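A.B. asks: Those protein sequence lines, which keep their order, are chains Z and U.
Note that full-length UniProt numbering has the first sequence beginning at 1, numbered continuously upward.
Note that full-length UniProt numbering has the second sequence beginning at 1, numbered continuously upward.
Since the hints were derived computationally from the structure, they do not count as laboratory data.
Since the model is a prediction, treat every value here as computed from it, not as a measurement.
Among the clues, some could well be false.
Between beta-carbon pairs, the in silico distance windows are [unchecked claim]: (1) U:R76 with Z:H24: 32 to 40 Å; (2) U:S383 with Z:G16: 33 to 41 Å; (3) Z:G16 with U:A150: 46 to 54 Å; (4) Z:S76 with U:D81: 41 to 49 Å; (5) Z:K127 with U:M302: 41 to 49 Å; (6) U:P239 with Z:D7: 39 to 47 Å; (7) Z:P65 with U:D81: 21 to 29 Å; (8) U:G276 with Z:G182: 53 to 61 Å; (9) Z:K727 with U:R76: 52 to 60 Å; (10) U:E138 with Z:K127: 40 to 48 Å; (11) Z:Q672 with U:R76: 34 to 42 Å; (12) U:G275 with Z:F174: 55 to 63 Å; (13) Z:Q672 with U:P198: 22 to 30 Å.
A few chain Z residues that don't get close to chain U, going by computed Cβ distances all over 12 Å [as the list claims (entries may be wrong)]: (14) C107; (15) I233; (16) R273.
Some chain Z residues judged to face chain U by a derived CB distance under 7 Å, without partners named [claimed, not checked]: (17) N44; (18) F89; (19) R171.
Glycine included, C-beta positions come from ideal geometry on N, C-alpha and C.
Letter by letter, the chains look like this.
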Amino acid sequence: MLEIEIDGKKLTVNQGITIMDAAHTAGTHIPHFCYHKKLSIAANCRMCLVEVEKAPKPLPACATPVTDGMKVHTASPLAKKAQAGVMEFLLINHPLDCPICDQGGECQLQDLAVGYGNSSSRYQEEKRAVVGKDMGPLVSAEEMSRCIHCTRCVRFTEEIGGYQEIGMANRSEFSEILPFLGKTVNSEISGNVIDLCPVGALTSKPFRYATRAWELSRRKSVSPHDGLGSNLIVQVKQNQVMRVLPLENEDINECWIADRDRFSYEGLNSAARLQKPMIKFDGKWHETDWQTALDYVVKGLNGVANDHGKDAIGFLASPHSTTEELYLAQKLARSFGVNNIDAALRRSDKRVAAAQQGALWLGSSIVELLAAKSVLMVGSTQRTEQPLLASRLRQSVKKGMALNVIHTSDDDLLTRVNAKLIVSPLALVNALAQVLKAAVEIKSASTMLDLSAANVGAEARAIADSLCAAESAAVVLGNVAQHHPAFAELLSLAQEIGRVTGARFGIAAEAANSVGADIAGVNPQRGPMGKAVTAGLAASEMLAAPRKAYVLLNSEIEADAYNSQQAVAAMKQAATVIALTAFKGEALLDYADVLLPIAPFSETAGSFVNMEGKLQPFNGVVRPLGETRPAWKVLRVLGNMLNLSGFDFNSAEDVRAELLAQGDIAAALNNQLSTVAANVAAGDALVRLGEVPLYQADAICRRADSLQKTAAAAAPVIALNPQDIAKLGLEAGQPAIVSQGEAEVRLQLVADAAVAAGAVRVAAAHPATQALGGLFEPIQIKRG
Amino acid sequence: MAVFVNGVIFEGVDTAAPDCWRLEAYMARGGYQALKKILDNKIPQEDVIAEVKNSGLRGRGGAGFPTGLKWSFMPRSFPGDKYVVCNTDEGEPGTFKDRDIIIYNPHALIEGMIIAGYAMGCKAGYNYIHGEIFEAYELFEEALDEARKAGLLGQNILGTDFSFDLFAHHGYGAYICGEETALLESLEGKKGQPRFKPPFPASFGLYGKPTTINNTESFASVPFIIRDGGQKFLEAGKPNNGGTKLFSISGHVNRPGNYEIPLGTPFATLLEMAGGMKDGKKLKAVIPGGSSAPVLPGEVMMELTMDYDSISKAGSMLGSGAVIVMNEDVCMVKALERLAYFYHEESCGQCTPCREGTGWLYKVIHRIANGEGRDGDLELLESVGNNMAGRTICALADAAVFPVRSFTKHFRNEFEHLIKHKKALVDHKWC
């Protein structure tokens, strides 16, 4: 510990910290631009110059380590003169176009200029003008004359984004911040540079000129997209969501959010929003009032129940729904006598629901995962599934974590991978079994699983070595594993690896409320808090053996199901499809017969349970649009109209309280399977590798126009390993036709060495591929 | 052209002979004997460093930091990679000595770097050569080949268990890459921008490894020091200013070129060696140590000796030893305008005061030089300069400010005249 003094205040601080850090703990503000607590130190803006006794010249607080007995003056005449000098330099070439600048009112340069600038300038020469740059559909770099060259954006893309996409070219006052020539900024977390930019050089393209910062209200919320549960500030004006910013939460999203979290709000204001209940009759859609629509629903459900039995009804709820909506949906279904309810819509392995004993979760807190010395990610297209978690894992690798990968594609994780096994989906189980087998050997342990079909390779051994040697380790299953027909095997093997090596194991929950769905009881075999209930059918079963009636909660099943072909066929043959939805999607208009407009996350109170099992409540940030109603209210009224008891809630909080009274979330989290599955033989056939694209994850981001213009939202292609292309006699760069069952889809064929041999990578959930079948099922391909 | 007198580095070099740079010629001059002496006698590393310390050799790149002391900062016993790097990024206007060392006597540099590698426990070295002297780079590569073929570089040098390899790398002409940490960045393949220090290169240098960076002339002096002893080198100069030094004389003299003379030689003697003032004109001003050194009036210069302490006492710097001589026909406003333009162009753009300040200084001086000066401009220049100097990561801002301060101090009347009368006091003649 060192004794120092800042502005006469005596402090005891840790060795190795900078004056800036020390000042922060003392509550002393030192002006700065380039310094950012999450980025490397650049010390280039020079705004934080302070006087240090015995130093011959002012020193930058951000980069100067404290030494024992150091006496710092942050506002002495010398320090102030240095700071004012820097401010003058920053302003001489700055256009001072605050009245027309989008950053006006929330600009760090503007704020600090008030304190450190002069009212008039001594600079009488011509100002520099910098041509705008194209950074893509999300980040505007139109007004680069405003740039003060702090290089925060440059450091962000390199250090947090994982690869440098922005740089500073040229020298002297001709220095310019720009993307690589002819390239846009494509990072999945690129929007953070907008927050980082201390001036109006980098601004939000979708938000530009929409409103002034001071006209916006700031409301807390939680991201409804992936399972990380990033905390949000949603900014609203006149009952409309105008912008989304990160709300700092060190344990979850730090001070960042992914572009999906940031720009999806455009979907909330989309023209596709359903604003009135609608009923289809005579083959046409008619807008109607709530009473009529709800009467229709009640009549439909009772009709099917009477004619075909209650087992002919299926409830399919999106895991992007709130905990309260999900809880009421299962309560309604089960009170009515329907046991077929599920939220794991893309899960194809029904054995997991039968063997699971609680809510599947990460197996540790996010912070614990990030602190692990060795992590094995299994079947996770990380940067698409949880972009920010992928970024945080990269930071952990820098701090010494060994990141191991078993996956179906060798996508660039932008970080050092300790060992990896890239295999066809049909060999995923075998690959994980190899790791278990190696771990069993290393630890001289035993397992009751039959691993005779697993031949341990060098990479598998390296992974096992890494997991066994680490003082803390974790095995995490991603979306590909969770959607995989052998999810039960993968989870069983992870469980065994955990037992043998001491590693934690779990899943990186796909959706914002995947864990919450299990907690709320939207699971075919488990009720609220994981309690066993009369078993019903899992989503995949409900669609494989079509029901007469479906109730869809927030789901666009044509995009959300494991097998969209089967799902759409099931919808079309049903007597009634009741959709509680915020959007009138084209497919819904085709197969549903009643649409009930429900509120998206921004218009209702609710909560999400993230991958680590943390319940995060939030309030609606704007009033429901049009005649939209929060789904919990709709379900409450439906319960009453169906003469079910226990549907007298006054608020979403009441609903939540009823759920939470039934047990403890932490106690309900459980990844242990009651029976383990163990067919570890690898298959050998051409199989589809179907992942959900970054911006097709849920109904809201599907309708965010700017996100849909990004490179990540490009039209799907068929990607094959070049060797497979040669073997099959196909030609890359030409269209090809893939088919599953009857349906054929014609797409461009691309050679991609990252795709595992034997896998045909065709994106799921995209309108262009919805005609196809299961995500990891056999697929045929021919020249097109 | 090059003229050499009484040198240490150029001892016995016949610059007129086309093969004077070759290994054979160097060997004939007693080359690689120092290295052989070390390896044959297994002289301990610390003894080599002590000998360099004894020589009083001070860094020839400009800062004049004692070379032996710098070498002793290297964590010799640090396990893992360590590097020795030579700075031949000679970009300072007026300086052209390192170019001639490479062209006429590259093996002195190579031998010096091998010895440095030995003394500091490095397995590899790099020579970063300025991008605008490409022929010197090509020639140096050839010299390296000769040394490798002769077993002087690479594995098991001269049959001993000492291994060291040396690589040449050329820049693209950015002045800032002569700043040692910018040089390291550039060598790593990044944009040449100075790093914030600490950490210093001795602990965190090339690729984050301990690194020592010296100027070409410093390394090239080492073989002499080891072979003939530090004392002999020291005696060639004067106390605290050991050895001989290369001075690059340019400007209004009859025989511009490089002169290797003992430190402490009077400027008047050096001027005489260079053939005196061209056309017999009057000496007006001298920049004694490269463009960033403060200018001194001619009459002050005539009283000084050419060594670190004497020039420093007079308010300037010996720097890299680039002596720019100006005669009475030079308009000092025009001269400063040209210098200010250089620093405006060459600032790396990283730190605010330098990025913005170098441009501001140039624009104001440019205005003054073009008869558009205003009252208060000189005070403005001083104030802007004060806000730049000492406020940045590297010394480029200071280098840009020193000429402005010294020109406006010693030749203030010319600036005031131009501002007041919109016409220069001296009718500038381009030579």
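A.B. asks: Compare the structure with each hint and give your call.
C.D. replies: Against the structure, the hints:
Between U:R76 and Z:H24 the beta carbon distance is about 39 Å. The supplied range of 32 to 40 Å therefore holds. With their beta carbons about 37 Å apart, U:S383 and Z:G16 fall inside the hinted range of 33 to 41 Å. Take Z:G16 and U:A150: their Cβ atoms lie about 48 Å apart, and the range 46 to 54 Å holds. The hinted range of 41 to 49 Å is satisfied by Z:S76 and U:D81, whose Cβ atoms lie roughly 43 Å apart.
Between Z:K127 and U:M302 the Cβ separation comes to about 45 Å, which falls inside the hinted range of 41 to 49 Å. A beta carbon spacing of about 46 Å between U:P239 and Z:D7 agrees with the range 39 to 47 Å that was offered as a hint. For the pair Z:P65 and U:D81, the beta carbons lie near 25 Å from each other, so the given range of 21 to 29 Å is met. For the pair U:G276 and Z:G182, the beta carbons lie near 58 Å from each other, so the given range of 53 to 61 Å is met.
Distance hint for Z:K727 and U:R76: a CB-CB separation of about 57 Å, consistent with the stated range 52 to 60 Å. Separated by about 44 Å at the C-beta atoms, U:E138 and Z:K127 satisfy the suggested range of 40 to 48 Å. Judged by the Cβ atoms, the range 34 to 42 Å given for Z:Q672 and U:R76 is violated: they are separated by roughly 56 Å. Hint check: U:G275 to Z:F174, Cβ distance near 40 Å, so the stated range 55 to 63 Å is violated.
Between Z:Q672 and U:P198 the beta carbon distance is about 52 Å. The supplied range of 22 to 30 Å is therefore violated. Distance check on Z:C107: its Cβ is at least 17 Å (rounded) from any Cβ of chain U, clearing the 12 Å threshold; non-interface status holds. Against chain U, the non-interface label of Z:I233 holds: every CB pair exceeds 12 Å, the least being about 30 Å. At roughly 47 Å from the closest C-beta of chain U, the C-beta of Z:R273 stays outside 12 Å, upholding its exclusion from the interface.
At about 5 Å, the closest approach between the beta carbon of Z:N44 and any beta carbon in chain U falls short of 7 Å, and the interface hint on this residue holds. A cut of 7 Å between beta carbons decides the hint on Z:F89: the least distance to chain U is about 4 Å, and the hint holds. Interface hint status for Z:R171: upheld, as the beta-carbon distance to the closest one in chain U is roughly 5 Å, under 7 Å.
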